[in-house]
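Novice: Input sequences plus hints: build the corresponding full structure.
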Amino acid sequence: MLKAIVAFCELVYDMMLLNVYWWRYMLLGGVLFSLIPATITVYDCIRKRILQKNEAPLKEIFSDQYRHNKQKNRWFHVAAIVLTGFIIGVHHTLASDYPTNFLFEFTMRTNLLIILLLAITFFPVHAYFSLDKVHRWLQPLLFVFICPVQLLISMGLLGLVSLLYCYYPFLGICLGIGLPAYGIGFLFFNKFNKMKGVYF
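When we follow our numbering, the leftmost residue of the sequence shown carries the number 1, and every step to the right adds one.
Please note: incorrect hints may appear among the correct ones.
To be verified - Taking CB as the label site, the calculated pair distances span:
{"no.": "1", "residue 1": "I153", "residue 2": "V6", "range": "24 to 30 Å"}
{"no.": "2", "residue 1": "H68", "residue 2": "K194", "range": "35 to 41 Å"}
{"no.": "3", "residue 1": "F102", "residue 2": "F129", "range": "37 to 43 Å"}
{"no.": "4", "residue 1": "M155", "residue 2": "R67", "range": "28 to 34 Å"}
{"no.": "5", "residue 1": "A79", "residue 2": "G156", "range": "18 to 24 Å"}
{"no.": "6", "residue 1": "R24", "residue 2": "F102", "range": "43 to 49 Å"}
{"no.": "7", "residue 1": "I5", "residue 2": "G89", "range": "45 to 51 Å"}
{"no.": "8", "residue 1": "V82", "residue 2": "V20", "range": "26 to 32 Å"}
{"no.": "9", "residue 1": "G156", "residue 2": "V20", "range": "35 to 41 Å"}
{"no.": "10", "residue 1": "W137", "residue 2": "S162", "range": "24 to 30 Å"}
{"no.": "11", "residue 1": "E105", "residue 2": "V20", "range": "37 to 43 Å"}
{"no.": "12", "residue 1": "V82", "residue 2": "L160", "range": "47 to 53 Å"}
{"no.": "13", "residue 1": "G30", "residue 2": "C174", "range": "22 to 28 Å"}
{"no.": "14", "residue 1": "Y168", "residue 2": "I5", "range": "17 to 23 Å"}
Calculated from the structure, these hints are not laboratory results.
Yeah, the Cβ is synthetic: ideal placement off N, Cα and C, and Gly gets one too.
Specialist: This is the structure:
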């Protein structure tokens, strides 16, 4: 019982540290250039904790992985954010001009749904696999269809966490990205591990 309590406290502490480091590196590196590398690094740290049982200090792991992620995919990350912002901006700008156009509304809502699904699979996929060129876009999209159960559970988890943070803002300040990332990372990394040696 005592070991379970200690393990739970360590898990919560890790979530808090990941949230602090995520904010720190994202803000210091410039949000546009650091949002995606910092978020992938959060999942990298979780992967090392869950799969590799790495007990090294999170500060060291985060620092090393962040430098690697930022150097490897710098312009790709900026392009991804700009493209996503463009699609969302077009939706909000033109929605008022075509309020009764079903085809336009359906197309934009479909694009937004795909962006949401990609946002869920993107980070664990990039943290687990070493991707380059077209695979950076294609692989996360493929796993939208390969892991539908994990996606549905992740969407439910994000909804529950959002609700929890609304009712308990202090919890959101402390745990932030750490709580949903641990849940989503656990689901996807275990799925990838089971598929390893069978499909790739």
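Novice: Is 22 to 28 Å a correct range for the gap between the Cβ atoms of G30 and C174?
Specialist: holds (25 Å)
Novice: Return holds or violated for the Cβ distance of V82 and L160 against the range 47 to 53 Å.
Specialist: For L160 against V82, whose Cβ atoms are near 31 Å apart, the range 47 to 53 Å is violated.
Novice: If I claimed the Cβ atoms of G156 and V20 lie 35 to 41 Å apart, would that claim hold in this structure?
Specialist: violated (26 Å)
Novice: Holds or violated: 28 to 34 Å for the Cβ distance of M155 and R67?
Specialist: holds (32 Å)
Novice: Taking the beta carbons of E105 and V20, is their distance inside 37 to 43 Å?
Specialist: holds (40 Å)
Novice: 24 to 30 Å was suggested as the range; check whether the CB atoms of I153 and V6 agree with it.
Specialist: The hinted range 24 to 30 Å holds for I153 and V6, with Cβ atoms some 27 Å apart.
Novice: Kindly confirm whether 35 to 41 Å is satisfied by the beta carbon distance between H68 and K194.
Specialist: Given a distance of about 26 Å, which is not inside 35 to 41 Å, the answer is violated.
Novice: Go ahead and decide if the range 17 to 23 Å is satisfied by the Cβ distance of Y168 to I5.
Specialist: Roughly 21 Å apart at Cβ, these two residues keep to the hinted range, so it holds.
Novice: The hint says 45 to 51 Å between I5 and G89; measuring C-beta to C-beta, is that right?
Specialist: This hint holds: roughly 48 Å between Cβ atoms.
Novice: With respect to the beta-carbon atoms only, verify the hint that A79 and G156 lie 18 to 24 Å apart.
Specialist: About 30 Å separates the Cβ atoms of A79 and G156, which means 18 to 24 Å is violated.
Novice: Given a hinted range of 43 to 49 Å, is it respected by the beta-carbon distance of R24 and F102?
Specialist: holds (45 Å)
Novice: Cβ-Cβ distance between F102 and F129: within 37 to 43 Å?
Specialist: Because 38 Å falls inside the window, the suggested range holds.
In summary, the numbered hints that this structure violates are 2, 5, 9 and 12.
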